[in-house]
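4 protein chains.
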Amino acid sequence: MANFKGHALPGSFFLVFGLWWSVKYPLMYLSRRGNHRPNKCHQRLELIEGIVKAVFSLIGILAEQFVPDGPHMHLMNGEEHSWVKLMNWQHSTMYLFYGLSGLVDILTYFSLNVPRGLDRLSLGLAVFIEGLLFYYHVHNRPPLDQHIHSLLLIAIFGGSISIMIEVFLRDHIVLELFRSSLTILQGTWFWQIGFVLYPPGGGAEWDQKDHDNVMFITMCFCWHYVVALLIMGTNYFLVYCCLRKRKGLSGDGSIGIHKLNSNKTEARAALLAESEEE
Amino acid sequence: MANFKGHALPGSFFLVFGLWWSVKYPLMYLSRRGNHRPNKCHQRLELIEGIVKAVFSLIGILAEQFVPDGPHMHLMNGEEHSWVKLMNWQHSTMYLFYGLSGLVDILTYFSLNVPRGLDRLSLGLAVFIEGLLFYYHVHNRPPLDQHIHSLLLIAIFGGSISIMIEVFLRDHIVLELFRSSLTILQGTWFWQIGFVLYPPGGGAEWDQKDHDNVMFITMCFCWHYVVALLIMGTNYFLVYCCLRKRKGLSGDGSIGIHKLNSNKTEARAALLAESEEE
Amino acid sequence: MANFKGHALPGSFFLVFGLWWSVKYPLMYLSRRGNHRPNKCHQRLELIEGIVKAVFSLIGILAEQFVPDGPHMHLMNGEEHSWVKLMNWQHSTMYLFYGLSGLVDILTYFSLNVPRGLDRLSLGLAVFIEGLLFYYHVHNRPPLDQHIHSLLLIAIFGGSISIMIEVFLRDHIVLELFRSSLTILQGTWFWQIGFVLYPPGGGAEWDQKDHDNVMFITMCFCWHYVVALLIMGTNYFLVYCCLRKRKGLSGDGSIGIHKLNSNKTEARAALLAESEEE
Amino acid sequence: MANFKGHALPGSFFLVFGLWWSVKYPLMYLSRRGNHRPNKCHQRLELIEGIVKAVFSLIGILAEQFVPDGPHMHLMNGEEHSWVKLMNWQHSTMYLFYGLSGLVDILTYFSLNVPRGLDRLSLGLAVFIEGLLFYYHVHNRPPLDQHIHSLLLIAIFGGSISIMIEVFLRDHIVLELFRSSLTILQGTWFWQIGFVLYPPGGGAEWDQKDHDNVMFITMCFCWHYVVALLIMGTNYFLVYCCLRKRKGLSGDGSIGIHKLNSNKTEARAALLAESEEE
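Protein chains in written order, with this note's numbering: chain A, 290 to 567; chain B, 290 to 567; chain C, 290 to 567; chain D, 290 to 567.
Note that these hints are calculated values from the structure, not bench results. All of these numbers come straight from a predicted model, not from anything done at the bench. Heads up, some of the hints might be wrong.
[Claimed, not checked] Calculated lysine-lysine pairs in the DSBU-like style (CA-CA distance at most 35 Å, straight line): (1) 374/B to 498/D; (2) 294/C to 374/D; (3) 498/C to 498/D; (4) 313/C to 498/C; (5) 329/B to 536/D; (6) 294/D to 498/D; (7) 498/A to 374/A; (8) 534/A to 329/A.
[What the hints assert, rightly or not] Facing chain D, a subset of chain B residues (Cβ under 10 Å, in silico): (9) 341; (10) 411; (11) 421; (12) 522; (13) 526.
For every residue, glycine included, the Cβ atom is placed at its ideal position computed from N, Cα and C.
Hey, can you work out the whole structure from these sequences and the hints?
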């Protein structure tokens with residue numbers, strides 16, 4: 290759906306996930322104490338996340354297919370041998386891969402034999418496929434349209450690479466925060482694209498060939514990221530304060546000392562814990 | 290051989306390997322229990338794989354050279370000082386590198402002094418060289434032809450990078466599954482290229498300049514990958530069921546607990562096993 | 290500020306940091322003895338570095354905004370609906386991200402709960418954003434102008450990648466020296482750009498379309514890097530001599546033996562130290 | 290020197306190093322037994338290598354500067370304000386970075402405080418700078434000339450990436466063999482470029498615009514690499530046989546078992562050895 294709603298919908302999905310992650314990962318990072326083992330509560334969260342991801346994808350696919358001017362599941366026009374509404378089909382395909390990623394999350398919860406890291410790989414692939422389809426589907430458009438989508442590609446491929454690294458470096462808080470910030474960026478940028486290319490409520494059209502507009506949009510993209518980073522920082526701080534309050538007296542010290550005993554300690558503790566258990 | 294058979298042949302080779310790997314790697318992953326050491330049976334499989342790879346390559350080279358309109362091992366036309374059937378020669382070169390990779394596999398089995406990881410490097414190189422030759426040999430073709438081959442390049446270079454990482458992270462199940470899925474994708478995509486560019490049985494020609502066809506092909510590539518992923522999932526599930534049946538009663542529990550004691554445990558167990566042995 | 294001063298200002302900032310790092314990192318590397326733990330003095334240095342970074346960024350932003358022909362914080366010209374001085378705004382944005390990086394450094398010092406590696410990520414992002422904005426803002430310029438900026442991009446993106454690796458491989462002396470050398474290179478190259486594009490003091494103009502000038506500039510970039518490497522080497526040597534003098538007699542031997550017991554030893558020592566402490 | 294000799298000279302340098310490495314690294318790999326510590330003999334080899342590298346670079350610089358039609362150290366023509374023989378100056382710059390790399394090797398031997406990995410970084414940089422200068426200096430040339438040089442870039446940048454990885458994964462035999470093979474490839478390809486662009490002894494000129502020639506050259510590049518791989522294999526086998534003979538009876542068994550106790554064992558052994566020593 291090349292209109293405002295068609296950009297606001299995925300934008301909202303990404304925003305929901307980005308904001309949720311910007312709370313979840315600091316929470317998990319600050320609340321664990323050398324205890325890397327996924328606990329029940331955490332696993333249930335992952336399950337819910339997977340289900341939400343799958344539901345969002347289904348909504349996306351249905352919206353793309355059954356809007357009034359959608360393809361209604363017809364791929365080919367029999368009489369003229371032409372393709373029907375390929376744009377909507379491409380968007381459906383993007384959602385499909387996110388749905389698959391949600392499915393892998395759900396399977397990871399129920400069957401314990403899904404290899405560790407496959408959930409990250411499937412998410413990374415979903416993001417990559419999104420980038421791939423966007424890359425090829427903005428040809429023959431005005432300069433501003435192309436540029437605004439190519440900036441989106443930076444957030445997409447950056448996110449994809451970051452998630453792929455998580456296959457090997459799981460539970461790395463910096464990677465998780467980076468992924469969250471890029472997801473928020475994608476979310477707000479989809480909204481921005483909607484506002485620029487399809488100004489709602491009869492707003493003024495943008496001159497899509499003006500070089501100044503292209504320059505402004507580049508800068509605007511950076512500002513969106515600044516905002517995303519500020520949101521991340523605020524959420525991190527709020528989570529920290531909440532946890533500190535709940536822990537009462539001992540909170541400050543034990544959290545404070547946490548950073549000094551950095552990653553290595555955590556890894557060692559996890560290894561020891563595993564050894565003892567057997 | 291720029292015709293249907295010339296694409297169906299390598300497509301079948303890749304499909305055979307992709308499907309085989311999609312069974313082999315889950316089998317190895319699910320059946321080993323903290324036992325990383327390559328056993329006899331596994332080594333023999335690698336040997337057979339190497340031989341099959343070498344034989345396939347030889348078939349490929351011979352087919353390219355000795356089809357009726359092939360170069361029959363002539364590289365230069367003496368009279369006119371012009372090159373003879375360079376396409377077939379390029380394809381032969383691609384097969385040659387896969388043959389070398391098979392040879393390294395065989396040598397790895399017989400001589401124990403081939404450094405670990407060299408088999409992966411030689412496979413990764415073979416895939417890279419395939420990509421390199423494809424990259425340069427689709428110039429001056431219609432847009433659809435170029436596009437359909439450039440999509441192939443994504444599968445090829447993606448596979449090459451993944452295999453190169455395996456040089457350093459050997460026996461990583463996620464990488465192995467990823468490689469398998471990309472190999473299946475390559476296989477089915479070669480068949481797709483054959484059907485689109487050289488419709489067999491007098492099928493309708495595709496308009497190679499229609500932008501809609503280009504858009505459809507991009508999406509079709511993604512669908513091929515969805516199918517490849519579904520095949521992978523099915524095979525993984527079948528292997529899991531087979532193993533569970535064979536193990537009888539204890540199967541469920543011991544397999545189930547496997548995932549929790551993840552990679553680290555396996556690595557530690559392997560180290561301990563090696564220490565005890567000495 | 291597309292003039293000489295607008296290039297000399299960031300050039301000086303980068304030079305100050307590059308030269309400082311070329312002293313700081315050898316000093317820290319040569320003076321630590323299997324003691325990886327960040328000590329008080331080192332942490333205070335990081336704090337000062339963060340403050341200086343933030344102050345430099347503020348100076349940069351103010352200079353870009355409030356020079357006589359600057360935008361004075363106006364983004365849009367109300368009457369003509371056109372953007373005001375986008376160049377200056379873009380430069381301000383670049384400085385803004387370096388300011389954020391400085392802020393993260395400061396927060397890392399005061400709150401102990403900022404995850405390790407976030408300071409490197411934020412610095413890497415600042416460098417990447419600088420590269421992104423430069424990449425898009427040299428379109429429609431003469432060949433020499435484009436070329437001289439695209440060479441700058443090599444230093445920028447090289448630095449960004451190197452800093453991103455530091456997120457995972459912290460305190461790796463080779464990465465730190467590499468980063469220092471690229472920062473010096475950026476500093477001197479900004480000055481070079483200023484001299485070539487806006488010759489001060491009525492110097493002769495460069496013919497911006499002459500291919501020979503383009504070739505010379507490429508080579509000149511390499512020479513700048515040679516100079517940066519020589520500066521690095523000299524500073525490393527001076528630091529080594531100073532430390533040796535201060536340590537007196539025992540200096541030579543204990544420093545000399547340092548290299549043989551390389552990275553692995555250090556890592557092991559750090560681990561042991563951490564274990565003992567608890 | 291854009292003539293046959295100007296390509297044969299660096300080609301010979303690379304060939305000498307590639308062939309030497311294809312003997313040295315198998316020798317070191319096969320002869321060490323869990324003993325990672327650099328011994329005296331090995332360190333002396335590195336010194337000699339560094340000196341040879343520096344001498345070759347000096348020869349290259351002098352040859353480029355003082356051939357009859359060279360610049361004789363003049364950079365600028367005072368009267369016409371034009372650059373003098375920029376090609377030769379660019380080639381000199383390439384040699385200069387290899388000279389620096391040689392210098393770092395020498396310093397590593399004499400001073401024990403050069404950080405480990407710096408020698409690899411400086412070599413990787415030298416290769417990268419070579420690629421950078423080649424990348425920019427084949428503009429405005431006939432298609433075949435551009436193509437034959439861009440193939441060279443694959444070998445150059447592939448080698449550079451591989452050497453950069455060695456900064457972090459030192460003494461990794463697969464990386465070292467890969468580097469050796471790419472160096473041989475560079476060597477033979479320089480000779481090939483010389484033969485194609487400047488046929489010596491009045492050979493027939495190549496039609497530089499013929500697409501068939503471009504296709505053949507691509508394939509020819511792959512064949513060069515096959516030859517490089519075969520040379521590597523032969524040398525590896527010869528070294529293995531020599532070592533086996535020298536070790537007499539016990540040779541076969543102890544070498545044979547080497548591969549099974551792979552990287553992990555070696556690393557562990559090295560760690561233990563280091564611990565015991567202290």
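Verification of the supplied hints:
1. For the proposed pair residue 374/B and residue 498/D, the alpha carbon gap of about 18 Å is at most 35 Å, so the pair holds.
2. Restraint check: the Cα-Cα separation between residue 294/C and residue 374/D comes to about 33 Å, which is no more than 35 Å; the hinted pair holds.
3. Restraint check: the Cα-Cα separation between residue 498/C and residue 498/D comes to about 26 Å, which is no more than 35 Å; the hinted pair holds.
4. With a C-alpha separation of about 42 Å, the suggested pairing of residue 313/C with residue 498/C is violated against the 35 Å cut-off.
5. Under the criterion of a C-alpha separation no larger than 35 Å, the hint pairing residue 329/B with residue 536/D is consistent with the structure, at around 28 Å.
6. A distance of roughly 24 Å separates the Cα atoms of residue 294/D and residue 498/D; the hinted pair therefore holds under the 35 Å criterion.
7. Distance hint between residue 498/A and residue 374/A is fulfilled; the C-alpha atoms sit about 26 Å from each other, no more than 35 Å.
8. Taking the CA atoms of residue 534/A and residue 329/A, the gap is about 24 Å. The hint holds against a cut of 35 Å.
9. With a least beta-carbon distance of about 21 Å to chain D, the hint placing residue 341/B at the interface is violated under the 10 Å criterion.
10. A least Cβ separation of about 8 Å between residue 411/B and chain D falls short of the 10 Å threshold, and the interface hint therefore holds.
11. Given hint, residue 421/B at the interface with chain D, holds; its Cβ is 7 Å from that chain's nearest Cβ, closer than 10 Å.
12. The restraint placing residue 522/B at the interface with chain D is violated, with a minimum CB-CB distance near 32 Å, outside the 10 Å limit.
13. Among the interface hints, the one on residue 526/B is violated; its C-beta lies about 32 Å from the nearest C-beta in chain D, farther than the 10 Å criterion.
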